[in-house]
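**Q** Chain by chain, the residues run as shown.
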Amino acid sequence: MSRTETPAERHVRESVRPEKPFARFRWTVTVVVLGVFLWSTLTVDAAWGRLLQAPERAWTFLVLVIENASLAPLLIALEDMWISVAIAWIATIIGVVLSFPLIFLAAYNLVPRWIVQPVRQVLNVFRAIPEIALAIAFVPFFGLDPVTAALAMGISSIGTLGKLSAEIVEDIDRGPLEAVEASGGGWLSKVRWGVLPQAMPEIAAFWLYRFEINVRVSAVLGVIGMGGIGTFVQEAMRFNDYERIGLGLVVVVVVTILIDTVSSALRRRLIAGVPVSVDAKRQQIPDGTSSP
Amino acid sequence: MTTPASSQQAPARGARPRKPPPTPFAIGGMIGLVAFTLVTAWDWTFGIGFNPLEIPGEFRDSNPQMVEGLFNITDAEWRAEYAARLSAAFIDPESPLLISFDSRIGRGLLETIHIAVIATILGSAISLPLCIANSKVGAPNPVARVVIKLLNNANRAIPDIIWASVFVVLVSVGALPGILALTMFTIGVVVKLTSDTVDGIDMGPVEAAHAVGASHPNAMRVAVVPQVLPAYAAFSLYAFELNLRGAVILGFVGAGGIGEAFNYYWSRLEFEGVSVVVFVFLVVVIAIERISIGVRRRLI
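Listed in order, the protein sequences are those of chains A and V. Position 56 (the first sequence) corresponds to 56 in UniProt numbering; numbering is contiguous. Position 47 (the second sequence) corresponds to 47 in UniProt numbering; numbering is contiguous.
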C-alpha cells in the first residue's frame, strides 16, 4: 500500500525549475553586435600584425621619454595649458550667455508648446554640429586662432547647455510659480522669482561641468593648430621631441585632473548649498514671528 | 479678529524678514568669476584676446578665397557647381567627380564607422570586468579599486586625439592607432559611468548567491551583471556616439578615417573638398545620434 504524498513532498515535486524562456531580444542583440564586430574587424584595413610590435615599441618610447625627461620646457607647456583652459573658459562663457535666454523658452512649464518645439529644434541643431565642423567654418573669418576655437566651442555648447538646463527648469516645484501668478506677477517675474531661485544651483553646476568637458575639447582643437596644449603635444610628436612629448602629456593629465577635482567640489557645494544650523536659521527670523 | 489698532501695535508680524547678507562663498565666487574671465579674455600674454566687439570687423576682413570654397556664398555660379559636386559625391555614379570625391570620402567614411564600431565593442568588453573590480561589491580589497580609479582618471584626462598621436608613434599610421585610441577612450567613459551604477545595485541577490555557495566570480556573474546590464549597454551606446564624433578627427594625426580625406583637402587648400567632407560627416553623425537615442530609450 502506497503512502499518500505529504504537502511538503508535493511542493518539492512541483517546484521543478521552470524551463528558461527563449530570450529573443538578447539573442538578436548578441548576434547583431558580434556580426557587426566581425564584419568591421575583417574589412577594416588595420594591419593587425603591427599590434605584436606594439609592446616593444611602447617600451622604446617610454625609455626615450624617461631618458629625455627634463623640466626645461615646463614653463612653455604650462603657458600652453593655460591657453587651453582660457579657451575652454571663454567658450563656456559664450555658451552660457547665448543659451541662458533660450532655457526659459524651451521649458514646457513656462511657455506654450508652439514656442518650445521650434526652440528645442534649434538647440538640437547646435547639439548635432560637432565643434570641429564649426571651428573649420570659422577659420576663414578668424584664422587658426584660440579665438576661433573659443567661438566654435561656445556656439556648439549652446545646444547641450540649453537643452539640459531646460530639463532642470521643467523639474522644478510648481508651488512658487503659482504663488507668483496668484500675486499678479508677469512672465518675467515668474522666471525671476519662481524659477531662478529653484533651478539656478543645478544650472550653474551644469555650466561648470560643461567647462570640464570644454577643457578636453580645447586640447583636441589644439591638435588642428588652434593653439594651446594640443598644438604643443602635436608639434612635439611631429618632430619626435621626446622631452616635450613626455612633459606635455604629464601636464595635460595633472592639470585636467586638478580642474576636475576643484570643479566637482564646487559643483557639490553649489547643489548642497550653505550648511545652515538650526540656531542660525532661528536668529534670522524677526522676533514677531518666532513665538506663536 | 484683528482691529486696525492692534495691527499697528505689532508691526513686526507681517514685516518682510531681513534678507540674509551674501555668504563669503558667493562674494568670493563672483569676484573670482569676473577676474578669471577678464584675465582669460584680455589681449595679453596670458589671455587669448577675445573681444566681442571685434567680431563684425573680423567678418569683414575674412579670407575671400576660403569663404568661397567653404560656403560658396559669394557667387551663384559657384553655388550651382557646389550642389552638382555634392550630388555627384552621393547620387550620380557616372560622374567623373565621383572618383575624386567618393573614393576618398566614401572610403574614409566607412573606415570611420569601422573604427568607432571596433573600438566601442572592444572597449566595452574590457570595461565590464574593470567596472566590477572598481566597486566595493566586486573588490572588497581597496587596493584594486584605488589603482583602477587612478589609472582611469589619468586615461580620461588625455583627449582621444592625443592618445591617437601616441599610438601613431607606437604602431605607425593607419586605422589601428585610431582603434586603439578610441578603445582607451571607451574604457574611460564606460568604466567611469558604469562603476557608479555598480555601487548602487541591490545587494540582496549578491548575498543570496554567496549564501548558496557561489564563488566570487560566479556571484558577480549571476547577481551583479544582470542588474547593471541595461545601464552598461546604454553607456556603451553613448560611448559609440562619442567615438563616432571622435573618429572623424583622428585622421588629422594619421590615425585613419574620414579625417584623412579632410586632411588631404585641407592641406591642398581645396576648400570645396573640405566642405563636402564636413557635410557628409554632419549627416552621418546626426543620423547615428538619432538611431542611438532610439535604442537607448528602449534599453532603459
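Calculated from the structure, these hints are not laboratory results. Everything numeric in this text was worked out from a predicted model, so none of it was measured. Do not rely on the hints blindly, as some may be mistaken.
Some chain A residues well away from chain V (every beta-carbon gap over 10 Å; in silico) [said to hold, decoys possible]:
id, residue
1, 17
2, 33
3, 46
4, 50
5, 79
6, 83
7, 113
8, 137
9, 170
10, 174
11, 177
12, 180
13, 189
14, 191
15, 206
16, 256
With a Cα cut of at most 20 Å, we get these calculated SDA-like pairs of lysine to any residue [claimed, not checked]:
id, chain 1, residue 1, chain 2, residue 2
17, A, 163, V, 291
18, A, 20, V, 202
19, V, 136, V, 60
20, V, 192, A, 20
21, A, 163, V, 136
22, V, 149, A, 20
Quick reminder that beta carbons are idealized off the backbone N, C-alpha and C, glycines included.
**Q** Is it the case that residue 50 of chain A keeps its Cβ farther than 10 Å from each residue Cβ in chain V?
**A** It is violated; residue 50 of chain A is separated from chain V by about 4 Å at its closest Cβ, not greater than 10 Å.
**Q** Would the least Cβ to Cβ distance between residue 256 of chain A and chain V come out above 10 Å?
**A** 4 Å, violated
**Q** Hint check: residue 163 of chain A vs residue 291 of chain V, CA-CA at most 20 Å. Holds or violated?
**A** 19 Å, holds
**Q** Decide if the proposed pair is consistent with the structure: residue 192 of chain V and residue 20 of chain A, CA atoms, cutoff 20 Å inclusive.
**A** Judged against 20 Å, a Cα distance of about 33 Å means the pair is violated.
**Q** So is residue 206 of chain A really clear of chain V, every C-beta pair being over 10 Å apart?
**A** Non-interface label on residue 206 of chain A holds, nearest chain V Cβ at 15 Å vs cutoff 10 Å.
**Q** Test the statement that residue 17 of chain A is away from the interface with chain V: the closest C-beta pair must be farther apart than 10 Å.
**A** 14 Å, holds
**Q** Does the claim that residue 189 of chain A lies outside the interface with chain V hold up, using a Cβ gap greater than 10 Å?
**A** Non-interface label on residue 189 of chain A holds, nearest chain V Cβ at 16 Å vs cutoff 10 Å.
**Q** Can we confirm that no CB of chain V comes within 10 Å of the CB of residue 137 of chain A?
**A** 6 Å, violated
**Q** Could you check that no beta carbon of chain V comes within 10 Å of the beta carbon of residue 180 of chain A?
**A** It holds; residue 180 of chain A is separated from chain V by about 16 Å at its closest Cβ, greater than 10 Å.
**Q** Does the claim that residue 174 of chain A lies off the interface hold, with its Cβ farther than 10 Å from every Cβ of chain V?
**A** 24 Å, holds
**Q** Would the least Cβ to Cβ distance between residue 177 of chain A and chain V come out above 10 Å?
**A** At roughly 20 Å from the nearest Cβ of chain V, residue 177 of chain A sits farther out than 10 Å, so the non-interface label holds.
**Q** Does residue 83 of chain A clear chain V by more than 10 Å, comparing its Cβ with all Cβ atoms of that chain?
**A** 6 Å, violated
Against the hints set out earlier in the document, violations occur for numbers 2, 3, 4, 5, 6, 8, 16, 18, 19, 20, 21 and 22.
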